[in-house]
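These protein sequence lines are chains X and L, in that order. Everything in the first sequence is counted per this note's numbering, starting at 532 for the first residue and increasing by one. Everything in the second sequence is counted per this note's numbering, starting at 480 for the first residue and increasing by one.
These are computed hints drawn from the structure, not numbers from a lab. Honestly, I wouldn't trust all of these hints.
As the list claims (entries may be wrong) - Per the computed footprint, the stretches of chain X lying under chain L, defined by three or more beta-carbons under 8 Å from a beta-carbon of chain L, are: (1) 551 to 559; (2) 822 to 828; (3) 951 to 958; (4) 968 to 977; (5) 987 to 995; (6) 998 to 1008.
Glycine included, every Cβ here is placed at the ideal spot set by N, Cα and C.
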Amino acid sequence: MEPLTWTGPLGQFLDPVLYVLSAIFLVAIAVQIMLGVTSGGSRVVTNPDGTLSSSGGAYDLSTTATKWLGLGLFLVVLAYAIVGIFAGPQVAGIIGGMSQQLTPVWIALILTFVVSIKFKRKLGLYGKLFDSTVGMIGFALVMFWVYAGVMAGLFDWITTHDSLSQVSGMKNKVPGTPMRGAEDGEYAWYLLGGDNLARDVFSRLFKGGWVVVQIAPLATVFAFMVGITLGLPAGYYGGRLDTFLSFLANLILAFPVILLFYLLVTPEIVATGIPNYMATVLFVFPLIFVGVLLNSRYYTQPSFRTPLLIIVMGVMGWIYLSLISDGGSKVAVLPEFLDLFDIDPGILVVFVSVVFVNAPTVFRIVRGLAMDIKTRDYVAAAQTRGEGPWYIMLWEILPNARGPLIVDFCLRIGYTTILLGTLGFFGLGLQSESPDWGTTINAGRRLLSAYPHPAIAPALSLLTMVLGLNLLADGLREESLKD
Amino acid sequence: MGLFILRRLGVMLLTALCLTFIVFFLTNLYPNLEKLAKTQGNFRMTDEAVASWLDDRGYVDNTFVKYGRWLGVAPGWVTEKEDGTVTGQCFAENAPVDERSTFCGVLQGDWGFSLVFKDDVSSLVATRLGATGKLMGFVLLVMVPMSLIVGVLAGMREGSGLDRSLSTFSIATTATPEYVSGVIFIAVFASSAFGLKWFKGSATQAIENATFENFTLPVLTIALYGMGYIARMTRASMTEVMTAQYIRTARLKGVSFGNIVLKHALRNALIAPFTVIMLQIPWLLNGVVIVETLFNYKGFGWLLVQAAGNNDIELLLAVSVVSVVVVLITQLISDIGYVFLNPRIRIS
């Protein structure tokens, strides 16, 4: 079989269009920037009939030009993808093949956008996101990786080959190489080539996405639980407690992150059980948070509060205990038959260290917000009503701090993704055959100058995902500031 | 002001003590020591041999005592072997009795001996720090002017096309960690696959002889990641200044836009970025570690990775002291500098 080119026979028609359009587009952007610096921008002119219209001249013209050229470029790219979905790799090349494999992701994305845009006025802040272009682009990038990760990880849909199996003759092969001796029913190409162990880069990419999609948001949630549970009292009470907790937070923040990772994640330290003890401490914070949250709200109705707390705390406590107790590790409180699940010790260590690094920053943000908000009138009103301090912190201050916290949450997931990649890049924590992006970049960087494709694919994926999260955060910030 | 600096220095000292103690504790856990004994002795040592190797060198004492020795406030270990030879932490094996010093720690200026590099820690750290200083100097030289220009240009007309494209650019740079941009740069500009062999993918030679060819990519990689954040902060500060009353007054007086930006707005808009730049320096340290590993530039970050990967205790402690001091000093400078730069605080 012939090796695939990037755009296949379709490219013979579309590639020239794409090149010409992008060249003009770049020129238009350059012109727009030049004009933006030199000219005064668009002017508003009052017409004789009293109406206003903008007459920007050259600057306005360049803005319009970039807008339309950008749309044209987008349509060309869309054409590659759509033709690819229906005609497959033989007509549309590697891009088409990938687009075909990703069909379920496209469907899910389109459904999400159609439904969200239709009901955007009823969806609060989430709906407002669809008013901002930047926010929508960010949301699309993030959801692309979420859907792709879930579909590749849980349903095995997108991947073309097994992410661990090695095929002889495919070592370091360039993207689009036909698979040697492919049998019927097997996918006939390595779409993004083979890595230095002759595994399929395309399949590993999406399996790796699943690892990131699993760990990053969850670790961020835990970091937020720790940061909120400690930051609210530090900001609200102040005094000694604040001094002590802030000192601790600054202590962790003064550590170079990579040194901390090296100290926590080496096998020798794992053998001493320190990460397990840290997990025991850090994972208790969601329990405290939810317990205090419910108790402070419903303590006036003991008949409702007590059963609610027993059920919620029971379930969460059980999950907590199964999470921390692990067959071979140092912390094993639960007997084997009660232990719901065991998580891979490597993943646990990575998780704990990422939470540990992120929590102090969240603490500082929450503390600052709490110090600001506690001077407001509604807090004084709650104090006069005789509400308890935890009710005020969790039900008066926290909901009013949600805007900055949601924005920071998005940014922090991106940062956590970067940290996970850093860990993988230094070969810490996860096993060396793990498909996650950092580990793959680490494996690929040794042969970078000869065979760049195994390292570039995960690098670009990480870039798009973190970029998506940052754009999403930017859109959310803009929209939440509007009212 | 003097009291403020004194208090900050006190907190700095306390933080440095706590942090080095944590590093000391973690590196001195028994599994780490066992690995150390086996790499220094031989890998087939029995458990008893490991224990006696460690015992002879004072490794099994109380952690606080050992930490005191490292600091130089507790007497160094002295072991008398069965055949009568006396070895000690603070003197060579054959030193006469009256030349044996009791204390040898950081306070006495003795940073210890690196077991991996077989060299004095202080000279090792000093040379590597020099190499990294060169890298950081170039990074700051590229990063600070670029980010300030981007930030000021974006912030001078909020919401314009220029603002939007530059803001997107700064978001994109903050979303590109060093190991991603470094990999992409090497692949595009230094690999045979793309054919553009403009630069070199390795900066090993840049230590002695930094050229445009071997030093551009590492510098650019670090500078790019740090740039976005500073540019966004500059933009925020610039937009705030541009909406101030005195800018409107100047505009109404008929001052040209270029003069407004350069003479009226710029100086006030650059106060906030100063703090951000200082606070960004510790973050650059992370980038330095990644970039030095990726480009094989044997500087301070490379030393950190080697020390941590081989559990070279005394080297690792010195490395962490240096990095913590960098973090704390930049914090101090940014606080003091903010007070001096902001006329509102300075005059009141």
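The hints, checked one at a time:
no.: 1; hint: 551 to 559; result: violated (count 0)
no.: 2; hint: 822 to 828; result: violated (count 0)
no.: 3; hint: 951 to 958; result: holds (count 4)
no.: 4; hint: 968 to 977; result: holds (count 4)
no.: 5; hint: 987 to 995; result: holds (count 5)
no.: 6; hint: 998 to 1008; result: holds (count 5)
This entry does not satisfy hints 1 and 2, going by the numbered hints stated previously.
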